[in-house]
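J.: Chains as they are written, first to last, in the UniProt record's numbering: chain A, 1 to 250; chain B, 1 to 250; chain C, 1 to 250; chain D, 1 to 250.
Identical copies carry no separate label here, and so any pair may be met within one copy or between two of them.
With a cut-off of at most 30 Å between alpha-carbon atoms, the simulated DSS-like pairs for lysine-lysine come out as follows:
#1 84 with 212
#2 100 with 78
#3 100 with 212
#4 85 with 212
#5 115 with 100
No wet-lab data here; the hints were simulated from the structure.
Number of protein chains: 4
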Amino acid sequence: MSSLSKTFYAVVAGVGSGTGRSVALRFAKAYPVVLLARHNDSYDGIVSEIQQQGGQAVGISADTSDPQSLSTAFETIKKEHPDKKLAAAIFNVSGGLTFKSFLELNVDDIDASHKANSRSFFNFAQNVIPQLLDSVDAAPPNPPTLLVTGATASVRGSARFGPFAAGKFAVRALSQSLAREFGPQGVHVAHAIIDGVIDIPRTQGYNVNEGKPDGKIAPDAIAESYWYLHTQHRSGFTQELDIRPYVEKF
Amino acid sequence: MSSLSKTFYAVVAGVGSGTGRSVALRFAKAYPVVLLARHNDSYDGIVSEIQQQGGQAVGISADTSDPQSLSTAFETIKKEHPDKKLAAAIFNVSGGLTFKSFLELNVDDIDASHKANSRSFFNFAQNVIPQLLDSVDAAPPNPPTLLVTGATASVRGSARFGPFAAGKFAVRALSQSLAREFGPQGVHVAHAIIDGVIDIPRTQGYNVNEGKPDGKIAPDAIAESYWYLHTQHRSGFTQELDIRPYVEKF
Amino acid sequence: MSSLSKTFYAVVAGVGSGTGRSVALRFAKAYPVVLLARHNDSYDGIVSEIQQQGGQAVGISADTSDPQSLSTAFETIKKEHPDKKLAAAIFNVSGGLTFKSFLELNVDDIDASHKANSRSFFNFAQNVIPQLLDSVDAAPPNPPTLLVTGATASVRGSARFGPFAAGKFAVRALSQSLAREFGPQGVHVAHAIIDGVIDIPRTQGYNVNEGKPDGKIAPDAIAESYWYLHTQHRSGFTQELDIRPYVEKF
Amino acid sequence: MSSLSKTFYAVVAGVGSGTGRSVALRFAKAYPVVLLARHNDSYDGIVSEIQQQGGQAVGISADTSDPQSLSTAFETIKKEHPDKKLAAAIFNVSGGLTFKSFLELNVDDIDASHKANSRSFFNFAQNVIPQLLDSVDAAPPNPPTLLVTGATASVRGSARFGPFAAGKFAVRALSQSLAREFGPQGVHVAHAIIDGVIDIPRTQGYNVNEGKPDGKIAPDAIAESYWYLHTQHRSGFTQELDIRPYVEKF
Chain A
1 MSSLSKTFYA
11 VVAGVGSGTG
21 RSVALRFAKA
31 YPVVLLARHN
41 DSYDGIVSEI
51 QQQGGQAVGI
61 SADTSDPQSL
71 STAFETIKKE
81 HPDKKLAAAI
91 FNVSGGLTFK
101 SFLELNVDDI
111 DASHKANSRS
121 FFNFAQNVIP
131 QLLDSVDAAP
141 PNPPTLLVTG
151 ATASVRGSAR
161 FGPFAAGKFA
171 VRALSQSLAR
181 EFGPQGVHVA
191 HAIIDGVIDI
201 PRTQGYNVNE
211 GKPDGKIAPD
221 AIAESYWYLH
231 TQHRSGFTQE
241 LDIRPYVEKF
Chain B
1 MSSLSKTFYA
11 VVAGVGSGTG
21 RSVALRFAKA
31 YPVVLLARHN
41 DSYDGIVSEI
51 QQQGGQAVGI
61 SADTSDPQSL
71 STAFETIKKE
81 HPDKKLAAAI
91 FNVSGGLTFK
101 SFLELNVDDI
111 DASHKANSRS
121 FFNFAQNVIP
131 QLLDSVDAAP
141 PNPPTLLVTG
151 ATASVRGSAR
161 FGPFAAGKFA
171 VRALSQSLAR
181 EFGPQGVHVA
191 HAIIDGVIDI
201 PRTQGYNVNE
211 GKPDGKIAPD
221 AIAESYWYLH
231 TQHRSGFTQE
241 LDIRPYVEKF
Chain C
1 MSSLSKTFYA
11 VVAGVGSGTG
21 RSVALRFAKA
31 YPVVLLARHN
41 DSYDGIVSEI
51 QQQGGQAVGI
61 SADTSDPQSL
71 STAFETIKKE
81 HPDKKLAAAI
91 FNVSGGLTFK
101 SFLELNVDDI
111 DASHKANSRS
121 FFNFAQNVIP
131 QLLDSVDAAP
141 PNPPTLLVTG
151 ATASVRGSAR
161 FGPFAAGKFA
171 VRALSQSLAR
181 EFGPQGVHVA
191 HAIIDGVIDI
201 PRTQGYNVNE
211 GKPDGKIAPD
221 AIAESYWYLH
231 TQHRSGFTQE
241 LDIRPYVEKF
Chain D
1 MSSLSKTFYA
11 VVAGVGSGTG
21 RSVALRFAKA
31 YPVVLLARHN
41 DSYDGIVSEI
51 QQQGGQAVGI
61 SADTSDPQSL
71 STAFETIKKE
81 HPDKKLAAAI
91 FNVSGGLTFK
101 SFLELNVDDI
111 DASHKANSRS
121 FFNFAQNVIP
131 QLLDSVDAAP
141 PNPPTLLVTG
151 ATASVRGSAR
161 FGPFAAGKFA
171 VRALSQSLAR
181 EFGPQGVHVA
191 HAIIDGVIDI
201 PRTQGYNVNE
211 GKPDGKIAPD
221 AIAESYWYLH
231 TQHRSGFTQE
241 LDIRPYVEKF
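Bound-form chain A, shown alone:
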């Protein structure tokens, strides 16, 4: 554990069995991490894993779509880490995916996607941006970073993916706007377009890319990319990159 861990912490919103878990494990090599999920069974196992590997982790139940729930969570974090500054915040929440004809949808579908995606990211950013700005003055070795998980649907509105794409496009818009406002103040905001199926328990049975080896994205590979983004020098920030399997059609 680096000496960074005495001064800084990281927070990951949206953890479970995939990207969020891998990202938490990766950032826990350098920082105490706080895991946010709606239910404790999403983070309990990861907290244990991190602790077994000698890292520090705590899980907090919170609904990112609810400003009150999220600010309560950040108050808890403040008590947990009263003297630590925020080094990195990762927004990995998603939701509102419906693979239906537009004719079978109703207004709840577009609202659900808004809530899970853009509203949640907005709330998260409202909490972490002031902290990240505050960390800039502490001159950390890695510029304070806000990382956002996007998807193919962040840049492409496919048939039957309307509401989900609406939510993902909106998150991307916000991430650009935050990068442009807070980049010049020293905060690194980056958006990753995850353009493929992630290799997690839920996708085990999916037949993608003809079942070729590494045809699904290893969550650890995403986590390494996120860590790299976090370590970029401020003279060379990446705002957006894509990540996909070597065999993916695009």
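With chain A held as given, fit chains B, C and D onto it using these hints.
T.: Just chains B, C and D now, with coordinates in the frame of chain A:
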């Protein structure tokens, strides 16, 4: 008034003193038009104008962000034009623009943009897509069309434009998704990126493009572009175009 | 024939059996047109067609990739239309398409695509931009226009389409640069992404879009779009649009 | 020096005082590196630097725009490293930049940009792709990688940047095409959009970003990004990323 007017009608959501008015006047040369706005003072004058020019128009008060209000409006339209099919639907609603630092915003801002932009467009499309599909079978001279007004913020999340861009990006995502689902069924969905200040009473005092002549977009120019999109042959649909003054920096 | 024809003319580079022919026929309704192609058998038939319809047309053999050949052609045009100004110039030349593995190519392939696409467009623009600028002062009803035919490969480098895409991307780059330099001086430069198979004799046997009616783009539909672009008011120029069949996957 | 150095080597085309030098130094920590430049004074100093740091390096004079010159260089490399396979090839050549009005240019300008950019990259890729494919079978820890340096002009045709943007767009097209053809065969092709002024001796006097610290891109920061791209797992390849100073307007 063409013979089209006996069989078809057009609807424009979001009329006032700018693009909506010009579009309504333009489409009224071919079709009876229905104008939707929250308040009757937004459409009363336009209805009169159209009638004075020998066209047919009716205004209906409706809140596009409210599914109930909007479906009531479409029931009224059904009574108004019981035998007519929908030739063209134009979504020109916008809202949620705040030119503030992200740090001065709160969750109401992202919700307001969602409501005014993506939720409203979703509701509007839910009402018009079934009608437009129904019109395909009537083999109109111009393929049934859904046109959507976008903005610079549809493709760029500028600093201090976060919530507005989120809403506009989301509308663009939906328009792509609808184009991909319903294009093959004969419905033309197109999105116009209006990349400049529109020349309307409200922007009279704006000093844009150094005050050069035609440095703001004439709403009538937008209306002509919309009419052209409506008349495109189905073998050559445009899904997206940009519109900006010749002197605009881009 | 409109009175425009007394003052202005149009030139189309790259005519044959498809887009170029349709565009020439369309613009010939308003202007005398000059057709450029390497061989006279590419334009002779079109010249006749236009004349039979009461229009004026002349064909000139020229190689757009060769600056000398092209400037000679424009000297011939000057003699043909000594008092006319240029209203519209359409660049419809293409070439360099090889559908081969990169491993089977050699340097001649990338050179050929450069020559046919970017070099040809550069040469063409070198000749027409000064004329179009000169036309601005004549205050024509339609702003002087330079239209450029692009393709799917203008925005996407597909496998096995490398050299062709390189040429098409390069043309798009130039068209943007010209739009940004000469738009503010009153010249309208627009780029059309033709995203589908065009319905011409050569593609007769192609099975595209499952053979559905209008599954290939009618060249006349492209021509109508070009004409529309030419007529846009300078307060609302389109720099880029896409054109594809309603049934095209995109 | 890792054990990788016994089996693999890297090649960097286009070295001098900036990105190429930093990339060479970075990759020399893991591999013997070959430096290509037209003149030996571009690489002599870097070769010395690498050797002083305990790395292996050799410089070869070659003109990437000339297929013969380049294939001779690769024959020399073969003699230099008869048993080594290619781990990474970096294309960092650029040229053809003219900041002039289009009206002041001539055909040599577009040809020069083609030669320096797309033709050079084409030639380079013709030499390295077969080698990179051959390396895939050796199952290196890092997938064989072809990295390409792009610029703002790779995605934006600004006024007065026409020929340069044409060349840069073309290189980007080729890089996409190669990624799509050879990614599935295990070769990682990535394109970096360097969106800012690089901090090199030549730009010392440039006043960019109001002279703020780190307002120019540190070449070492670019090199770190390239190294990271090289180390990505094949289940999560990045095809494109942008790199710019935190204070850059974009």
